[in-house]
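Engineer: Line order of the protein sequences matches chains A, B, C and D.
The opening residue of the first sequence carries number 1 in our numbering; numbering runs sequentially from there.
The opening residue of the second sequence carries number 1 in our numbering; numbering runs sequentially from there.
The opening residue of the third sequence carries number 1 in our numbering; numbering runs sequentially from there.
The opening residue of the fourth sequence carries number 1 in our numbering; numbering runs sequentially from there.
Any given hint might turn out to be false.
As the list claims (entries may be wrong) - PhoX-like mimics (lysine-lysine), calculated; alpha carbons at most 20 Å apart, straight line:
1. C:K14 / D:K139
2. A:K372 / A:K225
3. B:K14 / A:K14
4. C:K105 / C:K57
5. C:K274 / B:K274
6. A:K190 / A:K225
7. C:K389 / C:K372
8. A:K274 / D:K274
9. A:K372 / A:K389
10. B:K105 / B:K57
Derived by calculation from the structure, the hints in this document are not laboratory data.
4 protein chains.
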Amino acid sequence: MAIEASKHKTTQRKLRLGMVGGGEGAFIGAVHRIALRMDDQFELVAGAFSSDPARAKASALTLGISADRAYGSFQDMATVEVARSDGIDAVIIVTPNHMHGPVAKAFLKAGIHVICDKPLTTTVQDAEELVELVKTSGKLFVLTHNYTGYPMVRQARAMVAAGELGVIRLVQVEYPQDWLTEAVEQTGQKQASWRTDPARSGAGGCIGDIGTHAYNLAGFVTGLKLEALLAQLTSFVPGRLLDDDCQILLRYQGGARGSLWASQVAVGHENGLKLRVYGSRGGLEWVQADQNYLWFTPFGEPKRLITRAGAGAGSSAARVTRVPSGHPEGYLEGFANIYTEAALALRAAIDNSPLDPAVVYPTVQDGLDGMKFIAAAVESSNNGNVWVKLK
Amino acid sequence: MAIEASKHKTTQRKLRLGMVGGGEGAFIGAVHRIALRMDDQFELVAGAFSSDPARAKASALTLGISADRAYGSFQDMATVEVARSDGIDAVIIVTPNHMHGPVAKAFLKAGIHVICDKPLTTTVQDAEELVELVKTSGKLFVLTHNYTGYPMVRQARAMVAAGELGVIRLVQVEYPQDWLTEAVEQTGQKQASWRTDPARSGAGGCIGDIGTHAYNLAGFVTGLKLEALLAQLTSFVPGRLLDDDCQILLRYQGGARGSLWASQVAVGHENGLKLRVYGSRGGLEWVQADQNYLWFTPFGEPKRLITRAGAGAGSSAARVTRVPSGHPEGYLEGFANIYTEAALALRAAIDNSPLDPAVVYPTVQDGLDGMKFIAAAVESSNNGNVWVKLK
Amino acid sequence: MAIEASKHKTTQRKLRLGMVGGGEGAFIGAVHRIALRMDDQFELVAGAFSSDPARAKASALTLGISADRAYGSFQDMATVEVARSDGIDAVIIVTPNHMHGPVAKAFLKAGIHVICDKPLTTTVQDAEELVELVKTSGKLFVLTHNYTGYPMVRQARAMVAAGELGVIRLVQVEYPQDWLTEAVEQTGQKQASWRTDPARSGAGGCIGDIGTHAYNLAGFVTGLKLEALLAQLTSFVPGRLLDDDCQILLRYQGGARGSLWASQVAVGHENGLKLRVYGSRGGLEWVQADQNYLWFTPFGEPKRLITRAGAGAGSSAARVTRVPSGHPEGYLEGFANIYTEAALALRAAIDNSPLDPAVVYPTVQDGLDGMKFIAAAVESSNNGNVWVKLK
Amino acid sequence: MAIEASKHKTTQRKLRLGMVGGGEGAFIGAVHRIALRMDDQFELVAGAFSSDPARAKASALTLGISADRAYGSFQDMATVEVARSDGIDAVIIVTPNHMHGPVAKAFLKAGIHVICDKPLTTTVQDAEELVELVKTSGKLFVLTHNYTGYPMVRQARAMVAAGELGVIRLVQVEYPQDWLTEAVEQTGQKQASWRTDPARSGAGGCIGDIGTHAYNLAGFVTGLKLEALLAQLTSFVPGRLLDDDCQILLRYQGGARGSLWASQVAVGHENGLKLRVYGSRGGLEWVQADQNYLWFTPFGEPKRLITRAGAGAGSSAARVTRVPSGHPEGYLEGFANIYTEAALALRAAIDNSPLDPAVVYPTVQDGLDGMKFIAAAVESSNNGNVWVKLK
């Protein structure tokens, strides 16, 4: 239990968090709250849970937030919290996408660290401004690309880095879902409504919602930088305003190639994120729904099943693992690992103490990369499926 | 997020817990602490984490327990806590097996509810005394047979109860592991030491450690009562004092039959708990390591894959589920479900309010059944593998 | 294509076969005919395809047998064929079980080699007489326990023999089906009728039909001899005269133990033969329906997937394999391997030439072992599930 | 056993075949010979097994061909056989790719039916000439795109045709292998040598060898016609003259889209052909290595496992199936189905009798389509990965 053992090593107190968005009924807010509690590093002490002040207060009450820290607006929260001696150490942003940027700016300017849901913003320009602001503010910015927290994703990344696959040649990544097979956004389904609305989601639909996860995962595991892409985005469902399927060819710096497929109309898939990486000496495969397993084939040898915390899993997986092999971990544990890494980074920042070099988490730069990826894919698709260089 | 939404419905405060055993380095203590935090229903405020007072204090400090509630003995804790106005609502017992009984008795006698790890005790007589004491005390007793908390186990139970399998004929349950393939108890491995020591584990080794889990799961899903068993317990590893493999034939009341296999020397298995149930109209299969899936075959139709929170999963699964289908849940979520059910039961008991009839959790009676199962298996094996009736 | 390359090495002609039973509409006769054609070692030139002479002739015509070798009785066939200069080299017996013995005796006495479907006979005494007759006749007797022909079964056997699993401790074998879930024998279904009729199938139902396959496979792979068994045979379907489910505990000579489960009422299983073997150093698992794969776990290392003709598969598998890895082989290829081994043995016997020591096939002795296994299981079950020694 | 039962219905004799290419040591020749024997519809009576006359004779002898029908050249074989009263009914062409066209022309011109391995030729022009010649000759031309013979591929095709998936939106097909991960063609490996040699394989490497299989399979199952493609062909291994990896975007007539990936450097894959099809009402998935299974998800319902000959499989699968469900069929059975369909078509053609409309097999037109596909992919890749219309 490496994670629990490390608790309180630096500051001997829990880190204090506030949340913007994520009131009652919001799926992702609840996920963040479970994740932050998992390893007992944090307490949630403040919130502006809704843009509707009454709803914000009600949510705060339900969540056990004291009345004086239940804010009606995120601006108030930034102003008041920074002035309190027991003010929040960091803010969690779980609003709809188009508000990520404005909220993050307000807290960074107030000198408060940020933990933000993906995608970073809705435009590349907004993302670039945010990157700049993070730099000048000197504050931490943790982007919750949660799949990077899975132990076997860490294991895969370590194996690639150690050269166990040789030179990487091919990256095949896919993220099929089927929940938008029919026009549910026209029936008032809330999750579908904002995800298919350009005003709230930006220029990308499927590409922004899940394509970015696939892209981020591939880069995280392989360490490769994308040089150019060629995309075909499609809206299969009549009347849909954003893409619900993305077929993308990939060219990485250094010569690796691959493809990315994300879809919200692939009947039979729930959250079918799958990554396959092939090198000159080996290949590996990982499937999110069965996250405790990693398949590895050294060229010319039988395929091997590496299990989380089992034989063949190394220290990169072990440090973000809680239970023994054969007892599965899930999505929430992976999400919590992002929070635990954030806790280590926040304590080091706040205490001005050294940070374990093994700590890794997605940053504002990853968020900007994701926005550029979306923009390039949309540009390529709109221009007749041509190669577009990532800038 | 049904679970989060239900928070504070009754008492508008977190439930207060103390823990006996489970200090630093103890695996199962840490699991219980994560589980109790998952849905934010509890706070851990007191502890007697070790029989060594110095170690108990150190653990308490690390776990953020205030000094006045870090106890050197469980007896002190029972006496002092019951007298506090903010005393604990329930105690968690995560000591070695032979201490479960004495600790439980102390807290029940003090009028404090109990959450206890399995197995209940080390002898049937102790277990029977405890059942009697629970009755007379009027207190709740929650036994953490955690596999009953998995959503697809709940789903399976509901399907059997609804008659989707017809009359149950066969129950095939197995729990293979391989961690005792070699004589690690002779090398000082702590987990192996007490689990292979009759003084600390009772008369059963493998049968008590994991055979009881398999037995409990089969009964939970099918609702069947075991009438008799015939067991062959074996110690394959030279010098081992308790069984490391159990082959058991099962006869249930009403005519169903089956077999149970548990092993700690089955190379290639981590925690291979698997249940298969066959009836006159259908069959189902569930594997703990892949807990989000349930296979169901209606006779004469194609096999179906029911996924947690996906198509085909009903309300029994939904009420103990946190994330959407395709995003896996794991062992800790299943364990947390036992705690969340306990929270609902504790609030109803403390507030004298009605309890949702859907709430289900293993009790002291399940613990007694498990002890009788172990005793019968040992008796059968010692007497030449003869049928022994469950009393 | 080692098999094809070896063709005609000894006699430069195809081996001539006759068939008893297996006329039109009989499933297993057609399987034998495809199997004997697969590697072009045999030609089918004579037959007594039915006890009804008219039907026998009609089947012969359809199968391209010349009129003078279409026999109305097996006795005629034995008498006439042995006298022909181009008479059959061997007879294939695919009659209902109770006729295996009489037909085999007739041909052995005539000096003709025998290829016979399992089970050998319907009683142990008949089987013992046949063993004796084979000895005195000096003829070959090949029993088509076809699962022993699968390449990965050969691979598993070779790995056990080479000590890759260490000392074998546990054998878990099962063969679940579901086709007798309902009382189809009462609806005139032909396959079900004779298989549930003691007069035609002997004292065992499920145990004789598929339990013997499981038993034979376990012995073939491990090389272990069964010392004793304890069986619980059940007829779940009302009115059924023979067992449709068998739960058996196993004790092998030398200390290995295990269990065997065979069932014809396990809804969701087609031909679910599965073998798992565990030793002091490793474990392996093989599933008939996915016969091209063998799972092997060296203790303390990741599980490995050995594929037929792929990395990790050795010469034992290679010599009975036709197509490259990744292109599946099936049931018919496994069955054909028995015939190809038989061809090698027959040529060596006929030509009085040396036989490749790698050749292996089930014999009349395996058939007798199977009959003893059935008898012991029935005896154990009838006497209250007691241990019965194999004689 | 529908297939065996149908034997001799038309001509009451076996069909006579000759073979060009496929002498000893040639993998695919042996596969064709097993396939033609499987259902006893054919006899191999003539051959020009090698362009080296001595080797041709030796192979013929080994294969049991009479000396007067062991030809030194395919031209001789065509001339002589057509003049014999017992001449061959059809020729099998299993030469290297560049000889398919010349040999086929010689036999078609002689008035002999043709069964030919894929790809059809090495250029589109050659293929078009062959299509024309087939038309004018009035002879049958069977292209052995063997994967179309698998029962579950037939099942999938029937389900799409019956509208069970609704309107098809997406086709994801892949065929990864790993056997060319290293430059084995430089070590004298024969299979690798000709497959990576433009002179013998044509302009496509991986695209021609296995990409065409994937393309053909997708079209066979969906019935969709490809409108345009955009391809990125890569040679990852230094010094390799042809592509060893293909990434292709697909646009079908009517609006369906998809992608095709074929690779010979994807470490861990043997013959990983996999097809996924998604429509407005359902999705399905089929994997060649596990050919007995078909996964089908009706939108909003649990995923179903349809097994060959099991529940849910219809008549399209049943008519090309030999053994019951749960007993696997393999590659050779699928290949044999092409031959059995060919036998039905040949008998109808020779006897001038009606042909069962259920009979389906790949034709010279499919071969031309494949050549156009290869040409378009090479053109797209050479011109900077632009859309190329299929002509």
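Engineer: All the hints need checking, so say for each whether the structure fits it.
Structural biologist: For each hint, the structure was consulted:
no.: 1; hint: C:K14 / D:K139; in the structure: violated, 34 Å
no.: 2; hint: A:K372 / A:K225; in the structure: holds, 12 Å
no.: 3; hint: B:K14 / A:K14; in the structure: holds, 18 Å
no.: 4; hint: C:K105 / C:K57; in the structure: violated, 23 Å
no.: 5; hint: C:K274 / B:K274; in the structure: holds, 15 Å
no.: 6; hint: A:K190 / A:K225; in the structure: violated, 35 Å
no.: 7; hint: C:K389 / C:K372; in the structure: holds, 10 Å
no.: 8; hint: A:K274 / D:K274; in the structure: holds, 15 Å
no.: 9; hint: A:K372 / A:K389; in the structure: holds, 10 Å
no.: 10; hint: B:K105 / B:K57; in the structure: violated, 23 Å
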